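In the order they appear, the protein sequences are chains A and B.
Just so you know, my numbering puts 506 at position 32 of the first sequence, and the rest follows in order with no gaps.
Just so you know, my numbering puts 59 at position 38 of the second sequence, and the rest follows in order with no gaps.
Keep in mind that a hint or two might mislead.
Derived BS3-like pairs: lysine-lysine, alpha-carbon spacing no greater than 30 Å straight-line [as the list claims (entries may be wrong)]:
| id | chain 1 | residue 1 | chain 2 | residue 2 |
| --- | --- | --- | --- | --- |
| 1 | B | K173 | A | K576 |
| 2 | B | K156 | A | K581 |
| 3 | A | K626 | B | K160 |
| 4 | B | K65 | A | K618 |
| 5 | B | K160 | B | K73 |
| 6 | B | K183 | A | K626 |
| 7 | A | K484 | B | K33 |
| 8 | B | K65 | A | K597 |
| 9 | A | K581 | B | K33 |
| 10 | B | K183 | A | K609 |
| 11 | B | K73 | A | K597 |
| 12 | A | K610 | B | K183 |
| 13 | B | K81 | A | K576 |
| 14 | A | K581 | B | K106 |
| 15 | A | K592 | A | K605 |
| 16 | A | K605 | A | K626 |
| 17 | B | K183 | A | K558 |
| 18 | B | K160 | B | K81 |
| 19 | B | K183 | B | K173 |
| 20 | B | K81 | A | K618 |
| 21 | B | K183 | A | K576 |
| 22 | B | K81 | A | K581 |
| 23 | A | K581 | A | K626 |
| 24 | B | K114 | B | K173 |
| 25 | B | K114 | A | K618 |
| 26 | A | K610 | B | K65 |
| 27 | B | K33 | B | K114 |
| 28 | A | K609 | A | K626 |
| 29 | B | K183 | A | K581 |
| 30 | B | K65 | A | K587 |
| 31 | B | K65 | B | K183 |
Far from chain A, by Cβ distances over 12 Å, these chain B residues were calculated [as the list claims (entries may be wrong)]:
| id | residue |
| --- | --- |
| 32 | N27 |
| 33 | M40 |
| 34 | K73 |
| 35 | D147 |
| 36 | S193 |
The set of hints was computed from the structure by calculation and includes no laboratory data.
Values in this document were obtained by computation on a predicted structure and should not be read as measured data.
Ideal placement from N, C-alpha and C gives every residue a C-beta, glycine not left out.
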Amino acid sequence: MIEKMNKKDKRGQEEMVGFVIIIVIVAVILLVLLGFMLRNNKSEAVESYEVESFIQASLQYTSDCGNQVEFLSIEDLIVSCEEKEMCLDERDSCEVLNETLKGMIEKAWNVNKESAVKGYQFKVMLDEEEKFSLKKGNETGNYKGAFQDFAKGHDTYQVSLDVYY
Amino acid sequence: MVKKMNNKAQMKIQQMSFMLIAVTLFFILVGVFFLSIMISTMRKTASSLEEKNAMLLVSKLANSPEFSCGNSFGTSMTGCIDFEKLISLQGRKEDYEDFWGVAEITIRKIYPSTGNIVCDYSNYPDCDIIEIVDKNVNKQPANSNFVSLCRKETDGSIVYDKCELALLTVSSEEKRT
Numbered sequence: 475m476i477e478k479m480n481k482k483d484k485r486g487q488e489e490m491v492g493f494v495i496i497i498v499i500v501a502v503i504l505l506v507l508l509g510f511m512l513r514n515n516k517s518e519a520v521e522s523y524e525v526e527s528f529i530q531a532s533l534q535y536t537s538d539c540g541n542q543v544e545f546l547s548i549e550d551l552i553v554s555c556e557e558k559e560m561c562l563d564e565r566d567s568c569e570v571l572n573e574t575l576k577g578m579i580e581k582a583w584n585v586n587k588e589s590a591v592k593g594y595q596f597k598v599m600l601d602e603e604e605k606f607s608l609k610k611g612n613e614t615g616n617y618k619g620a621f622q623d624f625a626k627g628h629d630t631y632q633v634s635l636d637v638y639y
Numbered sequence: 022m023v024k025k026m027n028n029k030a031q032m033k034i035q036q037m038s039f040m041l042i043a044v045t046l047f048f049i050l051v052g053v054f055f056l057s058i059m060i061s062t063m064r065k066t067a068s069s070l071e072e073k074n075a076m077l078l079v080s081k082l083a084n085s086p087e088f089s090c091g092n093s094f095g096t097s098m099t100g101c102i103d104f105e106k107l108i109s110l111q112g113r114k115e116d117y118e119d120f121w122g123v124a125e126i127t128i129r130k131i132y133p134s135t136g137n138i139v140c141d142y143s144n145y146p147d148c149d150i151i152e153i154v155d156k157n158v159n160k161q162p163a164n165s166n167f168v169s170l171c172r173k174e175t176d177g178s179i180v181y182d183k184c185e186l187a188l189l190t191v192s193s194e195e196k197r198t
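Isolated chain A, as found in the complex (with noise of 0.2 Å):
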């Protein structure tokens, strides 16, 4: 009789066994399954062409702020600008950066509560330090970003703007 117990004990605990290896391994290939799921999400460019393509053209657009030679662009402007110069006019490159820079944003984005754009930020960095920067509205977590960057002398400008959805 106890024998009899013990190996229906046995066959118990063999099942036990099985159900726990067979729970096991459902559970490594689906948290394998999700990490491969994860990754390829991480890997997802979050990026817009219509964003780089503004960014891009805003960058050659010619500013009213003129030196001895020509207008400058906003490229040049933002050179202008690190360099603390000033435009003909005596009016502070900074400010018409700032300026135009703003008007583009504001024309191609329509930036408020109501319509689908919540907010943008646009960056310009240099060896990694910011230089210039503008900001509206909130910061979401669903945004679309690009950037794009420049040469001038040995430096090299890093110029980004997120769009906040």
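On the provided structure of chain A, position chain B as indicated by the hints.
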């Protein structure tokens, strides 16, 4: 004794069937979970591809010889459209109607904007909208991209390059199946 054994066997069969149903349900749930993740990933990929295609089409147009600035404004610039070329094209709308294989091509000046003035020879360059192609057909939703619209400008003493911000909009013809 036989009745007891039959009951035990029925119980075992019942246990087995419950277990099979539970395992099947579990795998169906797991399948549905992964299927939903896969579908959402596929949707994202599809919209990203759509966006890429739209961007490529608009970029292709912006950089085509009929539109692009080339080297007219110093160095070669990507996404740069020559305003003077567009005005010349305006006078030959019929010749170019089927050239690009699209139903609509419009360039709208965004900044600085003076309103909604449609461009022609008389009001150039103080205008906003240039319609290159506008076929009277069913159109697909439009794709647009920012470009710089450049021209030669003079303030009396010097001639300089003036580039403004514009939006190039392209729409294909809707094909009915």
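These are the hints, each one checked on the structure:
1. K173(B) with K576(A): holds (25 Å)
2. K156(B) with K581(A): Judged against 30 Å, a Cα distance of about 28 Å means the pair holds.
3. K626(A) with K160(B): It is violated: about 44 Å lies between the C-alpha atoms, which goes past 30 Å.
4. K65(B) with K618(A): holds (14 Å)
5. K160(B) with K73(B): holds (19 Å)
6. K183(B) with K626(A): holds (21 Å)
7. K484(A) with K33(B): With Cα atoms ~18 Å apart, K484(A) and K33(B) stay inside 30 Å; holds.
8. K65(B) with K597(A): holds (28 Å)
9. K581(A) with K33(B): violated (74 Å)
10. K183(B) with K609(A): Holds, at roughly 27 Å.
11. K73(B) with K597(A): Roughly 25 Å separates the two Cα atoms, so the pair holds.
12. K610(A) with K183(B): holds (28 Å)
13. K81(B) with K576(A): holds (29 Å)
14. K581(A) with K106(B): holds (25 Å)
15. K592(A) with K605(A): holds (24 Å)
16. K605(A) with K626(A): holds (15 Å)
17. K183(B) with K558(A): holds (24 Å)
18. K160(B) with K81(B): Roughly 19 Å separates the two Cα atoms, so the pair holds.
19. K183(B) with K173(B): holds (6 Å)
20. K81(B) with K618(A): This hinted pair holds, its Cα atoms lying about 23 Å apart.
21. K183(B) with K576(A): holds (19 Å)
22. K81(B) with K581(A): Holds - the C-alpha atoms of K581(A) and K81(B) are around 25 Å apart, at most 30 Å.
23. K581(A) with K626(A): holds (28 Å)
24. K114(B) with K173(B): Roughly 23 Å separates the two Cα atoms, so the pair holds.
25. K114(B) with K618(A): Violated, at roughly 36 Å.
26. K610(A) with K65(B): holds (28 Å)
27. K33(B) with K114(B): Outside the cut-off at roughly 83 Å; violated.
28. K609(A) with K626(A): Judged against 30 Å, a Cα distance of about 25 Å means the pair holds.
29. K183(B) with K581(A): holds (19 Å)
30. K65(B) with K587(A): holds (26 Å)
31. K65(B) with K183(B): violated (39 Å)
32. N27: Non-interface label stands for N27(B): nearest chain A Cβ at 19 Å, farther than 12 Å.
33. M40: The claim breaks: M40(B) does not keep its Cβ more than 12 Å from every Cβ of chain A (closest is about 10 Å).
34. K73: K73(B) is in fact no farther than 12 Å from some Cβ atom of chain A, at 7 Å.
35. D147: holds (16 Å)
36. S193: Given that every Cβ of chain A is farther than 12 Å from that of S193(B), nearest at about 17 Å, it holds.
In terms of the numbered hints stated before, the structure departs from hints 3, 9, 25, 27, 31, 33, 34, listed from lowest to highest.
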